[in-house]
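Visitor: The chain contents come next:
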Amino acid sequence: MNLDYSVILSKLPILLQGGIVTLKVSLFALLIGMIFGLFGALFRISSNRVLNSIGFVYVWIIRGTPLMVQLFILYFGLPQLGIKLSSMTAGILGLAVNTGAYVTEILRAGIQAVDKGQMEAAQSLGMSYSKAMVRIIAPQAVKISIPPLVNQFIMTLKNSSIASLVTITELLRTGEQLIYTTFRSFEVYTTIGVIYLIMNSIFMVIANQLERRMAQK
Amino acid sequence: MKHMVEMENVHKSFGSIEVLRGLNLVVDEGEKVVIIGPSGSGKSTILRCINRLENIQAGTIRFEGVEINNKTDLCALRTNIGMVFQRFNLFPHKTVLENIIEAPIQVKTLNRQEAVKIALQLLERVGLAEKRDAYPPQLSGGQQQRVAIARALAMNPKIMLFDEPTSALDPELVGEVLGVMKSLADEGMSMIVVTHELGFAREVADRVIFMDQGVIVEVGSPKEFFENPQQERTKAFLSCMRH
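Keeping their order, the protein sequence lines are chains A and V.
Under our numbering, the letters of the first sequence match residues 3 to 219, in that order.
Under our numbering, the letters of the second sequence match residues 209 to 451, in that order.
There's no promise every hint is true.
[Stated by the list, open to error] Label-pair ranges, simulated between beta-carbon atoms:
no. : chain 1 : residue 1 : chain 2 : residue 2 : range
1   : A       : Gly-195   : V       : Asp-378   : 53 to 59 Å
2   : V       : Ala-376   : A       : Thr-67    : 44 to 50 Å
3   : V       : Leu-282   : A       : Asp-117   : 18 to 24 Å
[To be verified] Mimicking SDA-like on lysine to any residue, the simulated pairs with C-alpha atoms at most 25 Å apart in a straight line are:
no. : chain 1 : residue 1 : chain 2 : residue 2
4   : A       : Lys-26    : A       : Ala-140
5   : V       : Lys-316   : A       : Ala-140
6   : V       : Lys-279   : A       : Glu-122
7   : A       : Lys-133   : V       : Gln-321
8   : V       : Lys-431   : V       : Ala-444
9   : V       : Lys-325   : V       : Asp-341
10  : A       : Lys-145   : V       : Lys-302
11  : A       : Lys-118   : V       : Gln-314
[What the hints assert, rightly or not] Taking beta-carbon pairs under 7 Å as the criterion, some of the chain A residues facing chain V (in silico):
no. : residue
12  : Gln-82
13  : Val-116
14  : Gly-119
15  : Gln-142
By construction, these hints were calculated from the structure, which means they are not laboratory data.
Given the structure is predicted, the values throughout are model-derived calculations rather than measurements.
Think of the CB as a built atom: it goes at the ideal place given N, C-alpha and C, for glycine as much as any other residue.
Let the sequences and hints guide you as you build the complete structure.
Guide: Following this line, the structure appears as structure tokens:
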């Protein structure tokens, strides 16, 4: 065994730069994915058949196909139709659309988990459906949804590694480039793993605190 | 006497099950009507049809002489009709005070100060002034139900509907809720109460209604109703309840 991490250590700034790209891609994807998910959930609980169907088809297609295929369609497929997306745009959009489908289901389940009596009580006091939704149902639904949302956020952060395949130089791709010059696969991949673990751990700690603070209320 | 609620030949089904089968009922202003009957008889459905938490399939319901139909502004209607639920349905993410001021601020657009003032008076009245900053899960069932009554009263309704308000309570907590309801009755509030508390019916009701299988079987003053019921089904039900 001749493991030598000193090579990696000297190249650490490059890896960390890749980590920053990973964070950037993930955060944008999460933010946009949350918006997709919010609308998706509202569509899914809507009594309007068209909106409901749109929400259903969205979740059905995205959950039923691999993220990698979705990204390839956006980045390699669309140019054939004359739509050229930069690798960054394709990566973030693909991840966001993918995350949004799962967030849709998480929020829908959260909303439906709120006791029916809450909506009835709010409406019996004269509140409109939409007002009751925003003021009474949503805060309770969000609280219920936090643990599965945290789970999904972690998945998205890790899934961003797939964006390396549409040529975004994020953490994984940076590492692979490093291997080409150093031939240190084991050291590079374990280091990358540790960086992912650290990023997710920070995120989990923040999420735990948020959850605890909401539980106190 | 002004009619508060009028129901004419009301039919209501859930799927193939007909819960109300041509129901007729008039409740006057200031009147206290208690509805009793076995579970599944349609008692609660009556209340839920009056404030349109349920749609009816046929018949007419009028509130203060105005028919409730698809054109009715339900939000406006419901501000006039207070409802208290079996399972309280307080908002768990809001404090007691926030529960009470929510609708006055959001629906009646009262400013916060006024709403708080009214809420504190109501909390005083139901004996829970010291619980204003508590969250509902920290309260006993009886306390939660008293807050729920205060929350409904904060909208200054013209009639109060009580849907088995003591059925989810431990026996020792029933009295405090009935006490609040009695004081409300004494002040002249119009009330329709679905309950299994025969003592309350006897003491407070102007009229007692016995329902079974979606129809009104018998109506009477508490005295006639409890001492000299006419219908066999009423007699059978009352004898069950007394044992």
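Visitor: Please go over all the hints and tell whether each is borne out by the structure.
Guide: Going down the list of hints, with the structure as the test:
At about 55 Å, the beta-carbon gap between A/Gly-195 and V/Asp-378 stays in the expected band of 53 to 59 Å. Range check, V/Ala-376 to A/Thr-67: Cβ separation about 47 Å, and the 44 to 50 Å hint holds. For V/Leu-282 and A/Asp-117, the Cβ-Cβ distance of about 21 Å falls inside the hinted range of 18 to 24 Å, so the restraint holds. Between A/Lys-26 and A/Ala-140, the direct Cα distance comes to roughly 28 Å. Violation of the 25 Å bound is thereby established for this hinted pair.
With a C-alpha separation of about 21 Å, the suggested pair V/Lys-316 and A/Ala-140 falls inside the 25 Å cut-off, and the hint holds. Our distance criterion of 25 Å between C-alpha atoms is met by V/Lys-279 and A/Glu-122, whose separation comes to about 20 Å. Only pairs whose Cα atoms come within 25 Å are accepted, and A/Lys-133 paired with V/Gln-321 is accepted, the gap being roughly 21 Å. The suggested pairing of V/Lys-431 with V/Ala-444 holds, with an alpha-carbon distance near 17 Å, which does not exceed 25 Å.
Distance hint between V/Lys-325 and V/Asp-341 is fulfilled; the C-alpha atoms sit about 14 Å from each other, no more than 25 Å. The straight-line distance between the Cα atoms of A/Lys-145 and V/Lys-302 is roughly 13 Å, inside the 25 Å bound, and the hint therefore holds. With a C-alpha separation of about 20 Å, the suggested pairing of A/Lys-118 with V/Gln-314 holds against the 25 Å cut-off. A cut of 7 Å between beta carbons decides the hint on A/Gln-82: the least distance to chain V is about 50 Å, and the hint is violated.
Here the hint on A/Val-116 is broken, as its CB sits about 10 Å from the closest CB of chain V, past 7 Å. Hint status for A/Gly-119 relative to chain V: holds, with the closest Cβ pair at about 4 Å, below 7 Å. Proximity of A/Gln-142 to chain V holds as hinted, the smallest CB-CB distance being about 6 Å (cut-off 7 Å).
Hint compliance for this structure: hints 4, 12, 13 are broken, all remaining hints hold.
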